[in-house]
Structure formats: structure tokens, C-alpha cells
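Chains as they are written, first to last, in the working numbering: chain V, 1 to 472; chain U, 473 to 748.
These aren't lab readings, by the way, just hints derived from the structure by calculation.
Careful, some of the hints might be misleading.
[Unchecked claim] According to the in silico footprint, chain U covers these stretches of chain V (three or more CB under 8 angstroms from chain U):
hint, region
1, 130 to 143
2, 336 to 347
3, 377 to 383
Owing to the predicted nature of the structure, the values given are computational and were not obtained by experimental measurement.
The beta carbon of each residue, even a glycine, is placed where N, CA and C say it ideally should be.
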Amino acid sequence: MALSDALALCPSLATKQAAPQKDVRRLLQLASWCERYSPLSNVHDDNSLWIDVTGSTHLFAGEQGLLAAISKDFRQQGYTVKLALAGSFAAAFALSHFVFDDKAKAPIIPSQSSFTQLQHYLYSLPVTALRLHENTCSLLHRLGLMTLGQLMDLPRESLKRRFPSPDQARSVLFRLDQILELRDEPLAPLTPPVLFSSRLRFAQALFSKHGLERALTRLLDDVTWQLERQNQGARSLTFSLWRSDGSTSHIAIGTAQPCRDKAHLFNLFKEKISRIEPGFGIDVIALFVAKAEPLSVKQISLQSRQKSDRSRSPFVLIDRLRNHLGAQKIGYLQALPSHIPERAQSLTTSSPPQTMPPLHAASPASPSVIYDRPFLLLNPPESIDVLAPLPDDPPLSFTWRRVTRKVITSNGPERLTREWWRELGQKPSRPRDYYKVSTREGGTFWLYRNGLYQGSEECRSPPQWFIHGFFG
Amino acid sequence: MPLENLDKLRTQIKRIEGHTAFLEGARKSLPARHPPSPSLPAWSFGAKEVDQCLEHGLAPHALHEINPLAYKDCWAALSFALALASKRASFDQRPLLWCSSRANKSEFGGLYGQGLQRFNLDPARFILIETKNDNETAFVLEEALKSASLCAVIGLIAAPGLTASRRLSLMANKGQTPALLVTKPEDTGIKNATTRWQVASLRADQSLFTTPSFPQLALPQLSWQVALTRNSQGPADKKWHLEFPSYEQPLHKSSKEAFRFALPSPFRNRKSRAAA
């Protein structure tokens, strides 16, 4: 029905623009808020959330109590939810989406129920509850299979024969197994499982920044003690806090090296903590270690001279800059096996490389040719206008960034042809002729001509000139 | 006496600790740490006339400004900074930090590892940092100097103001780390810099240097026209033509000999060298 038709029928209809992206964001927030029921929860699709409550129902006085609590908490936030609880994700999904019960009571398949009981619960659900492809669903309908009960009653072998393709049959059986708890369904929770954690609850909501820092120190004490017992060092930590109005904040830091130095970790957090708004007060704070690596116990130095050893390591600086500027801003040069200049090196941001192999190692026995490369590279190369004799002489002058430079001496060409093994099935890139030119204004540049003037397939378009690097 | 014993014990403990594989790995990835500067040799040029102007070489705990004479000399200034860093890196094994803003990177290009071999610098020793603007660059430089864990800090930055440069110079002093600041040609100079080098590129045909071992290379090597316009360690207002020969030296010579600054040879020697 079009909106105008609807308004004609009911003039007082209230309308609002749909904002699907906002919905998705809010749903994610809700999923992370659901961590109060269980650490494992995530968004499933546009309008459903799942929570894995295995082992946490007793905290809410059983399964009924848990569902009642969830329903009440959501109602307080202004949401109406349809809840269901079952032994498998597939069954819970089916019950929550396809049981239309007038009574407000949420459907539950108790955890102690047997296979026949489970079948009984699912008997009357439609086949669409299996999360199958549309075509498969319509095929099942055409075959007269409307409910899961009908599907379950059929022998598996005969079911297979009814489908045109074995894939379709397999998908139906696969989903059926999942809903009957015969097959596991992997689920990815929103927050990765934590290795070490520490939690602090406050009797009264916390407001002051100073108090938060003190509390963080206590959490760090606890976590570093846990790490030390297991000979581990943290690589990434998350500091989470829950406010009394239901909002949450998470601060994540990473370290370049396994670390359990309290002072260093605290310094990394300190700057970000100052930006946190306490709002209506903070109820709970927690510290999680999501990634840890082995770190052996260190000998405590006897002399004060070595006390500052850790603070003199460049990793402390790298950690600090990474957490301040963002991990992508700090890089290390890494050599790659390629002769195309811009491909021969990459910037890694993960960890410092051991050593960089030289391009052509020159040994005393064979003083080989040194391939001359610029120390500064323009990436991507910039286009230049060039005055150059045909077909492959170095340029006489070139114009770059609206400045014309006259070439006095030059060196070249050094021809770098394409890497055919990278370009299988693509349009081949053109060979490049590199020239090292020295200009009358001073300065030595690395120019190249993309393509050749002669040659059969290069005739389509004239070659272009680029500037690629600087020799100082 | 007790100190010697302690040192002995410490080495013993280190040897015992060394057996675990992961510790070995962690140590390998960690650049070898050197004791703080007093035991290091002087940060000198290797060229006599220049070293005479600097007492005990360049000050290792101060700011050094490298200023291009004109816009076209910016790349020369950058290569001069790298050559200076290379001199220090030859005896200090700690990593080097290169910091430039995004705008500077797209204007002057990014550091290219294979080209660094001409400076006798190992690309793996560089920590590259890209910042949003010069304010952020100043922050990074300050943190890097303060950390006292680096061989040298090289920054591309428009000359910072009085307060910022004072902070930088204090941090350099505190961390015993030198900062090489490559400024813009229009900058009038950093007040707190210990030395200020004005660098211009040399025209190929003006160059007084010859390349006897590679006569087919008509191009000049790394060479600059350098003016020392400020120097709190000795006399200022000196001018030289300097080069950083990397091809001329036989490759099997030790890197310490091969990679040093050099002045042009006297006139009477030039002809014979060219003939050779």
C-alpha cells in the first residue's frame, strides 16, 4: 500500500522516515548492552539479537526469570521484544519469529527436554522457520510440506529424492539437523572471548576522574598478577565501563610487545580515560585481556642504574604513539620481492621487521652493479610534461608542478618491464624506461617514460612521462 | 670490586635466562640497546675542516636545524639530514625515527628503503610516522626525544615557535637524543637550535667532485653546498662543498671508512684523479 493510500484511509496516521543504518547501529548497542545477561551475544539480522545464556540462567532465577528480566529491561528502554529460549540457536530463532501467541508468555524449550519433546515443540512451526532460501521454501510448499512436523515425519532418504539438486536437499537436511540439535551451529559473539579479566562493582555510582584512575590501578594490579602467574604478557586490552543509565564505553589499547608492566599500561590508558564522561555515574568497570603472548619472568635488577631499562625501550614510545595517533600511522619499511619500484617496498604497521634484505647484496668477491634507487619515492608517480628526442633519449627539460627544469646530465635508461606473472588475464602494463637526470637548477630526479615509441602494440597511444623519486 | 662482581653475575644470569626460545625471539626483535651517550664516540663528519668547527662532533642532545636555501633545495636538505643521521647510526645501533606530515609526504615523497643503502642506513631501523599536521609532528618529536630510546629523530616541520622549540630542546637534552629538523626555506631559523645548516643542492656541472671508479656516471653523487650559519659549539658562518661518497670507495672497505663526508680534493690532485 502506498503512503498516500494509507493516509487517505487514516488521515491521522503518523509517519516517520526510515533510517536503517541508525537501526543497525542501535541494535549493535543493544547487543553489547545484553552482555549483562551473558558475555556472548550478537546481532543476527536486521531485527534480531541472540544471547548465549548457557550457564548464566541461575543468576536470574531460572529460565523463566531470565526471560522475564530481559523483557522487563527492554520494556523500560521502550522496546517490545519477542523472546524465545531453546537449546539451539536455530530452534530459538524459529520459536521467537514464528510463534504467534496471544499470551505474553515467551516460548521456552526447557534444557532437560528429550528429543521427542523437542520434536513436539517444533511440530507446528512453518518450514520458513528453517532460514532456507526462498526457492527452496516455495518448492517445499509446492510439495505440500508446510510444517516442520511434516518434514520430520518423512524419511530422510525419500526427502532427498524430491529435490531437483542434491545441494537443495542437503541445505534442508542441514537446517533440520541444526534445529533438532543434531548439528552444531557456530556463532561469533560481538566481543571476542577474553583470556584474563577483572571486574569491579561500586556500591555507589562513581563520578570522579580520580576515583576512576584509582579503580583502574586496582584492576591492573589484578590482571597483571593473573598474567604473571601464567607467564603471559598482554598485547591488547579493553577497559569497559557501564553507566547507571545503561550506556557503555570501551577503551581499547594495544602494545607492540607482550607487556605486564603496570605503570606502562596505566600510562597508555590514562590519556583516554580523561576523555570519558561519567554521565549519571559509573556502576561497573572491567578490564579484559583479549590477546596475550608468552612473557617470561624477569630478574629484578639489583642496581638502580638498570631500573629505567624498560622505559628506555623504543616499544614504550611506539605503544604510546600507536595509541595516541592510531596504529595505522606508525610504519616500518619492508622489502618485497619485486622489481617494480613501488611494489618493492611496503609499509607494515604490525611489528618491526627483523632486517631488510638489500636489493642486490654486493660481496667483496664480485663487486656487482649497484642499482641506483632514490631515497624518496613519490607514490603514486606524478605526471610531467617533457621535451625529449625520439625514440628513447633522455629528456632535455621537464615541467613538474608548473616549474620547468632543464636537464644537464642524465643516466639511463634502465628498463623495467612488466611482471607478467601478476598480470595474467589483465591488460598488460607498459614497460618503463627510467632516467636519472640532473637539472641546471640543482637536484637529481628519477623520471620514467611509461611505454615505448616504437613497437607494434605500443602504437595505440603515445608514451607518458612521470616523475617517481628524488636523489637529493 | 663489588660492581665488577655484580656485572659478572648479571652476565651469568643473562646466559642462564637465554635458553628459552621465546625469550631469544623477543630479544632478537628488540634492537640492541646501547649505554647512554658518554661512552659513544663523537658524532663527527669525518671531514677535517668541518670537524674543526665542532667541538667533539655534533652535540648529541640538542636540536640541529637543516634549512634548504630555496624550495628546489628541499630534497638536498633531506638527504643531508639522512647523511648526518647515517654518521650517528654507524656507532649507535638503536632505531631512527622519521616523522613527517601527510602533506609533506605527498609533496616530497616517502622514504624508500632501497635508496637508503646509499647512506649506509638499514631500512629496518626506521620507524616511520605520518602525522596530520605540524602540531602533531611536534608532539611526536617531543615524545620521541623524551623516550631516550632512539639513535636520532628526523622531522620535517616548519620552524616551530619559541615555546615549542624550547620544549623540544629541553626534551632532547633530557633524553640525550639528537633531533634533526628539516625546516622550510622561508623559515628564519629555530632559536633553540644548537646548529643551523643551510643546504643548497649542487649543480652537476658545478660539482668539484669526480667519480673515478665510475667514470661513465656523469652524475654527481650526494653532494651539497653547505653553510653553517649558527653554531653554539664553535665558529659559525662557514661554507663548504660537501659530498657523501658511496660509489667512490671500494665496496670491501669497512663501512666506517667508506661512508663519511668528504671535501673536494685540492686542485692539483683533481686532474690526476680524473685521468686515473
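A quick look at each hint next to the structure:
1. 130 to 143: With 0 residues closer than 8 angstroms to chain U, the region 130 to 143 of chain V misses the three-residue bar; violated.
2. 336 to 347: Answer holds; 4 residues pass the 8 angstroms Cβ test.
3. 377 to 383: holds (count 3)
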